[in-house]
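Use these hints to put chains V and D onto chain X, whose structure you have.
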Amino acid sequence: MTNSWTDIRNTDLVVIMGGNAAEAHPCGFKWVVEAKANRGAKLVVVDPRFTRSAAVADYYAPIRQGSDIAFLSGVINYCIQNNKVQWDYVKAFTNATYIVKEGFAYKDGLFTGYDEEKRDYNRSTWDYQIGPDGYAMVDETLQDPRCVWNLLKEHVSQYTPELVERITGTPKDKFLKVAAMIGECSTPTKTMTSMYALGWTQHSKGSQNIRTMAMLQLILGNIGVRGGGMNALRGHSNIQGLTDIGLMSNMIPGYLTLATDKEPDFNTYMSTRGFKPLRPNQMSYWQNYKKFMVSFLKSMWGPAATAENNFAFDWLPKMDVPAYDILRAFELMKQGKMNLYFCQGFNPLQAFPNRGKLTEALSKLKLLVIMDPLQTETARFWENHGVYNNVDPAKIQTEVIQLPTTCFAEDEGSLVNSGRWLQWHWPAGSPPGESRTDAWIMSQIHLRLKEMYKKEGGALPDPIVNLYWPYKDPSEPTPEELTRELNGYVVSDVLDPNDPTKKLLTASKQVPNFGVLRDDGSTAAGCWIYSGSFTEDGNMMARRDNSDPDDTGAYLKWSFAWPANRRIIYNRASADINGKPWDDTRKLLWWDGAKWTGYDVPDIAPTAKPQDVGPFIMNPEGVSRLFARGMMREGPFPVHYEPFESPMVNLVAPKIRGNPVARVFKDDFAQFAEPASKEFPYAATSYRLTEHFHYWTKNNHVNAVLQPEFFVEISEELAKEKSITNGGWVRVWSKRGSVFAKVYVTKRIRPLICDGKPVHVVGIPIHWGFVGAAKKGFPANVLTPFVGDANIETPEFKAFLVNIEPSTGPVA
Amino acid sequence: MNMELSRRQFLGTAGAGLAGTTLGALGFGGVEEAHAAAIRPFKLFNTTETRNTCTYCSVACGIIIYSKGDLKKGEKADITHIEGDVDHPTNRGTLCPKGAALLDIVKSETRLQHPMIRRAGSDKFERVSWDEALNKIARAMKDDRDKNFIAKNADGVTVNRWNTTGFLAASATTNETAWATYKAVRSLGMVVFDNQARV
Amino acid sequence: MLKPAPNPPVAPVPAKFGDQDLLRKSASTIKPPAERQTEVAKLIDVSKCIGCKACQAACLEWNNLHEEIGTFNGSYTNPPDLTPASFTLMRFTEWVNPETDNLEWLIRKDGCMHCEDPGCLKACPAPGAIVQYTNGIVDFVHDNCIGCGYCVRGCPFNIPRISKVDNKAYKCTLCSDRVAVGQWPACAKACPTQAIAFGTKEDMKKHAAERVTDLKSRGYKNAGLYDPPGVSGTHVMYVLQHADKPSIYAGLPDNPRISPIVEAWKGVTKYVGMGVMGFAAVAGVFHYLIAGANKVTPEDEASAEKLTRGEKP
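Chains as they are written, first to last, in the working numbering: chain X, 1 to 812; chain V, 1 to 199; chain D, 1 to 313.
Just chain X, with the same shape it has in the complex (with noise of 0.2 Å):
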């Protein structure tokens, strides 16, 4: 989130698509209703289904999965005709004005540089044109052709609301509803906030549907002020936190990344990641990697990291691949290629696509091991349990060893909330049985190598036995000394430069932020976002001041925030090029002639006159981008593409089926539907229902009582077409794999007339499994493609082809 969840309640206008807020997160929807009940905010559902969400709403407005990109298009195309637009925003604050190389084009829903052997793109076009002075150039004027603003306004030109209704299935009239209601939040002192979850991350073109929406806001005002932005609901309670302390294929704590193969030594690798301003007085902030990067390997290796070894840079491995994500690891599962695994609170066999070929990949492991506080079906992926898990425990050789943990109720430290809140918490409870803290395992592992390295050598012992552990109890690092190390200290005195005699920093000390850190090793900190969370004042993720002055939300005195404690990030886009607020009712940060101040943390250096330094510092040019350089596999602009499997071919690119730079492996894409298919004429879309929790609450008696037993979702059309009865089973089944459900026939569900056809949707919620409390069930994933967003991986689980017959249910 770039906001925070109780930030919500200074919305007007609530848009949730790509989501289910009421239902995945009812108590962050609790400032929705309040926006509502005390502003007069309006609430927009945009959904396949008619969810709680949209049981709530102002407005609802149906939609094909997979064709958000074509709406939020329409959307921006209607802004940009309609002059709903923030021009004194757009102009300053994005990149809006800045000039494209030439050889930058679009044609066929392609860009310039496609190879389509390789599903990728020579991307050098897709950047600025650069001046004499070196930096980008700009046309203020926005007459240039080639600034990003024509480009933008001739790339959207396409969808049309007749060509959105084609292709999305949402009638005109609603779709131009939605669009007037979000073209109201383009004056400085209306505000939209966009609330998305993995409706739209879960798709082959994940990362771009959110783009859209994030440049839809930034069109319209609205990201860095009060009530508005893009606010990712984070599913899981820490997952937040696991990605910022870079628990991935290929992160470093703190949004740093590996070296790749390509990058053969320190400086090489540096020489890429130390962002130049591109256009005068930006901060640039990435320019401080080094800083970051040396601290984090000060605290991996401690003294045995040194100026001389460059801080120990070549233990860290190198990657090459782009990432060694969990569809490319099940991938070399089933090659073979891969003999130990371990699931830590992660119950894959469930949670990823294509079961069948899940179960194939886990036989050829040589260990499994399992760290989890509950039975998962991973765990027991060998056990027969009839049709639910038709497998024969003799033939898997696996073994797996499963490792009683503890649960939240009985450890002790922080998690990272969606709006990055870290917070922490205190145990409660004494652990069942001989179940273990995670932090236990994970010593018990590293000494026992660390000894056998030592006694036995081997392959590169020097990372395991330098490995810095400087724990008082080595077998059980404490969660304070561990989130001391993640906050960062000084490892030796620094002297003030201009006056020996003074201590900048004292050895020993905790750090009071990041700004202090440096590239020379005499700070460490595992991750530079969170420090500032644990210094010498103490645990200020512990912190329980609730108090708000004014009621704005912001909450400054409770728990953390990274970074440096901020609630809104980009908030010095909340006041106009010269620092007065955009809308005095709802004030944030503003320039009082000498210093940013106002509610909340600046994201700008303090002194940062208003008309130089450019609110969005991460980003070299110091602007928002609307044109997004090279930094999306797709291209800088969205382009609408179908989901690998769809009920129709792409309105935009006939010749392009799904994403065109999309991995999918060989033997995937022969499990793939072909489009407009008839053997699977239905669109199917995977969701969770409020009741429960993932695979977790199927384990909770309770929640097994609120939705006991697994079913599908239909319209009372197509169940009239197949003679389904309501309550009844049904057989639903994809190119991969087959269920039986229970049904439910609804008029919550109705069919979407795209390019003049009906197409029917079919609902399967996905919380069963064969374990747990609840009635045995099949898990959607029987049915999901193996093929994930081209950027980051997620699987496409929200949009793909079945077909659904009456049935009498499974045999036992």
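Don't read these hints as lab results, they were simulated from the structure.
Since the model is a prediction, treat every value here as computed from it, not as a measurement.
In this text, a Cβ means the ideal position worked out from N, Cα and C, and glycines have one as well.
Please note that a few of the clues may not be correct.
[As the list claims (entries may be wrong)] In the DSSO-like style, the derived pairs of lysine-lysine whose C-alpha atoms are separated by at most 27 Å in a straight line are:
| hint | chain 1 | residue 1 | chain 2 | residue 2 |
| --- | --- | --- | --- | --- |
| 1 | X | Lys291 | X | Lys503 |
| 2 | X | Lys364 | V | Lys73 |
| 3 | X | Lys776 | X | Lys172 |
| 4 | X | Lys454 | V | Lys142 |
| 5 | D | Lys221 | D | Lys245 |
| 6 | X | Lys291 | X | Lys276 |
| 7 | X | Lys454 | V | Lys136 |
| 8 | X | Lys364 | V | Lys136 |
| 9 | X | Lys455 | V | Lys136 |
| 10 | V | Lys124 | V | Lys136 |
| 11 | V | Lys124 | X | Lys366 |
| 12 | X | Lys337 | V | Lys136 |
| 13 | X | Lys450 | V | Lys142 |
| 14 | X | Lys776 | X | Lys364 |
| 15 | X | Lys757 | X | Lys722 |
[To be verified] Quick list of simulated restraints, FRET-style, between CB atoms:
| hint | chain 1 | residue 1 | chain 2 | residue 2 | range |
| --- | --- | --- | --- | --- | --- |
| 16 | X | Lys107 | D | Ser75 | 24 to 34 Å |
| 17 | X | Gly433 | D | His142 | 51 to 61 Å |
| 18 | D | His66 | X | Tyr59 | 38 to 48 Å |
| 19 | X | Arg273 | V | Lys68 | 50 to 60 Å |
| 20 | D | Ser28 | X | Tyr59 | 25 to 35 Å |
Positioned in the frame of chain X, the structure of chains V and D alone reads:
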């Protein structure tokens, strides 16, 4: 900080709704001890309160866990009830159907109790000691790493990666656990490393 | 938002109401206290309800209830009906508004309405099995319940359910134990959107008026408060988007009132008194008229008869 004060300040500014609707202001008559036969004794009396946050989604609602016994005093603690924390700015004491039923996940019949092993081709899990389980895991890791570690790629560039063993990290463990995990995993050169951010 | 009650006390505090605050007691004549406690009410704003069932979960947890895990029955309403363990239930109705042709998903939290004029209490033949406090809470005293089921028939909202395990009647207590220490009922506290609120009846009516104004501004011209006069008002009220048609909300009665038979029965007992007339004669007629033939076992009748004579069953 003075919690009591901050709580009162908070309630003082808690909202734009009606003034004086808390039950304290209901004007109940006397405070006689007599408890009606039908009214259950209040079950949170004489329990220990612990502040925590909900384990499910990223709204991160504040909760209070009530237990018999107090861990801070070195006692065994048995959790008896979980309820929303009214002082929390986001949820204001409310909880969703998952959060309101947290007690039943802590106490789920399918909570794991002991380390277990399923041997190759077997149709059951068997008990195993922590030591045996951890020794077996560490040995398997070292053998695989020593066999498959790539120190240099075909071009002779130092790459120091290990891609035949993978690690899927959690989504509900603490930052501190995440950091211990990161250190232990990355120091091995492991690159097949991921979390649940996408699902 | 309404100010929630502070976090629950863990140090014992005295109860704010008790036996001295009884307004009515089933099959008994009592003298109510001179001064009535401020009436409380739960306000259920259907227009804010997201059907999440947090109220159901919180109710099960707070009251230590064990509901059975059922099956999917073609609706989100789970379990399919109130039970002795489910004191409250979200009832889901897909309703197409004939005026706009728009689908409206009406989600109503069902449960005891805590009537000012409680039909259950009036129908109950067991002395002290149902009590009403002066703050409006209607509560069942299970030690006194004979499981006859008359309360079910007497209830205009069809709320109480008889347990097959202990043959006693069960329903929402309005969390009398929580209210007694200044807490909101568990469902109201949990409700993420404050679709369930709790306070004095007067404040809840004021709050409802604000909500009705907001709904009217959004085009719900018949929005209104449901506080039915047929039972002299209730201590659980609804804000409805379409208050002119309560029955579209999963059969919420348009004009609930106590069955005339119950009124007649109470009329007889009031003047004659059970001890004088004998239980069997009256109860037999009443039983035949409204409870059906096989609701109450002869043993229950016998117990009830003993009860009326002041004996232990």
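Against the structure, the hints:
For the hint pairing Lys291 (chain X) with Lys503 (chain X), the CA-to-CA distance comes to about 19 Å; that is within 27 Å, so the pair holds. Straight-line distance between C-alpha atoms of Lys364 (chain X) and Lys73 (chain V) comes to about 48 Å, which puts the hinted pair past the 27 Å bound. Note on Lys776 (chain X) and Lys172 (chain X): the hinted pairing is violated, with a Cα-Cα distance of about 43 Å set against a maximum of 27 Å. With a C-alpha separation of about 12 Å, the suggested pair Lys454 (chain X) and Lys142 (chain V) falls inside the 27 Å cut-off, and the hint holds.
Taking the CA atoms of Lys221 (chain D) and Lys245 (chain D), the gap is about 12 Å. The hint holds against a cut of 27 Å. Restraint check for Lys291 (chain X) and Lys276 (chain X): satisfied, since their Cα atoms lie roughly 15 Å apart, inside the 27 Å limit. The straight-line distance between the Cα atoms of Lys454 (chain X) and Lys136 (chain V) is roughly 18 Å, inside the 27 Å bound, and the hint therefore holds. At roughly 19 Å between alpha-carbon atoms, Lys364 (chain X) and Lys136 (chain V) fall within 27 Å of each other, so this suggested pair holds.
Between Lys455 (chain X) and Lys136 (chain V) the CA atoms are separated by roughly 17 Å; this keeps the pair inside 27 Å, and the hint holds. A hinted pair counts as satisfied when its Cα atoms are at most 27 Å apart, and Lys124 (chain V) with Lys136 (chain V) qualifies at roughly 18 Å. At most 27 Å may separate the alpha-carbon atoms for a hinted pair to count; Lys124 (chain V) and Lys366 (chain X) meet this at roughly 17 Å. The straight-line distance between the Cα atoms of Lys337 (chain X) and Lys136 (chain V) is roughly 21 Å, inside the 27 Å bound, and the hint therefore holds.
About 10 Å separates the Cα atoms of Lys450 (chain X) and Lys142 (chain V), which keeps this hinted pair within 27 Å; it holds. With a C-alpha separation of about 26 Å, the suggested pair Lys776 (chain X) and Lys364 (chain X) falls inside the 27 Å cut-off, and the hint holds. The suggested pairing of Lys757 (chain X) with Lys722 (chain X) holds, with an alpha-carbon distance near 17 Å, which does not exceed 27 Å. Restraint check, Lys107 (chain X) to Ser75 (chain D): a C-beta distance of roughly 51 Å breaks the suggested window 24 to 34 Å.
The supplied range of 51 to 61 Å is broken by Gly433 (chain X) and His142 (chain D), whose beta-carbon atoms lie about 36 Å from each other. Between His66 (chain D) and Tyr59 (chain X) the beta carbons are some 42 Å apart, a value that agrees with the proposed interval 38 to 48 Å. The beta-carbon spacing between Arg273 (chain X) and Lys68 (chain V), approximately 54 Å, falls within the hinted interval of 50 to 60 Å. Between Ser28 (chain D) and Tyr59 (chain X) the C-beta distance comes to about 55 Å, which lies outside the given range of 25 to 35 Å.
When held up to the earlier numbered hints, the structure conflicts with 2, 3, 16, 17, 20 and fits the remainder.
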